[in-house]
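Engineer: In case you want the letters, here they are:
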Amino acid sequence: MIEAALPGAIVEVVDETGGGDHLRATVTAPQFEGLSRIDQHRLVKAAVRERFDDGSIHALSLKTAVPGS
Amino acid sequence: MADAELKQKVEELIAANPVLLFMKGTPEMPRCGFSMRVVQVLEAMDVEYGAVDVLPALQPLREVTAEISDWQTFPQLYVGGELLGGADIVEEMFDSGELAEALGVEQSAEARRAEAVAPTQAPPLQIE
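Chains as they are written, first to last, in my numbering: chain A, 1 to 69; chain B, 70 to 197.
Please keep in mind that the hints were generated in silico from the structure rather than gathered at the bench.
Certain hints may be false.
Simulated DEER-style distance windows between Cβ atoms [as the list claims (entries may be wrong)]: (1) Glu74(B) x Ala65(A): 39 to 49 Å; (2) Asp21(A) x Gly173(B): 31 to 41 Å; (3) Gly166(B) x Gly68(A): 14 to 24 Å; (4) Gly68(A) x Met70(B): 17 to 27 Å; (5) Gly20(A) x Cys101(B): 29 to 39 Å; (6) Asp164(B) x Asp39(A): 16 to 26 Å.
Don't be surprised by glycine CBs; every beta carbon is placed ideally from N, CA and C.
Whole structure, please, built from the sequences with the hints as guidance.
Structural biologist: Right, here's the structure in full:
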């Protein structure tokens, strides 16, 4: 889902509780270049908003990075 | 659509407080682990900050911050009128030293803590 919204992104997701709804994701994407962290997180959160809205994700802990940094 | 009066109040608070934390609970008694983590970081940085407990009006405040900052989860830390981030971003920036820069604190918290500890470790008298 994140990869579809941010082509070229490398996404690693860890299911923190085993329940599938508390996730920790590390996202590395070329689209983040030049953006503040908050804007990087906004991009990812916008990509997964549907899943929050339908209740399938409750918590997403995020770490974002630009490739090569 | 967010409550206009509440939105105006929130905007005034953000403008009036150089460092403002919207959190669940209070700095003395955080009611959420993420809020507690941001409080701990701010305490470690030794900066003055304002804190707003969002729990009494959680949903209306979510609607307000969604409009102001495109962000609906708490905690939210505002610095200089801009949303810096939630717990993940604040901790990451604290670890990298970027938070000190954003807060206009000259040295990293680590350096300041090291300084504070140093005198007690030094011998009281130097004898040659």
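Engineer: Measuring from beta carbon to beta carbon, are Glu74(B) and Ala65(A) in 39 to 49 Å?
Structural biologist: At 40 Å between Cβs, range holds.
Engineer: Does the hinted range 14 to 24 Å hold for Gly166(B) and Gly68(A) at CB?
Structural biologist: Hint holds: Cβ distance 20 Å, inside 14 to 24 Å.
Engineer: Please check whether Asp21(A) and Gly173(B) have a Cβ separation lying inside 31 to 41 Å.
Structural biologist: holds, 38 Å
Engineer: Does the Cβ pair Asp164(B), Asp39(A) satisfy 16 to 26 Å?
Structural biologist: About 20 Å separates the Cβ atoms of Asp164(B) and Asp39(A), which means 16 to 26 Å holds.
Engineer: Verify the CB-CB distance for Gly20(A) and Cys101(B) against the hinted window 29 to 39 Å.
Structural biologist: violated, 21 Å
Engineer: I want to verify a distance hint. Is the separation of the beta carbons of Gly68(A) and Met70(B) within 17 to 27 Å?
Structural biologist: violated, 42 Å
The structure fails hints 4, 5 (numbered hints given earlier, in ascending order).
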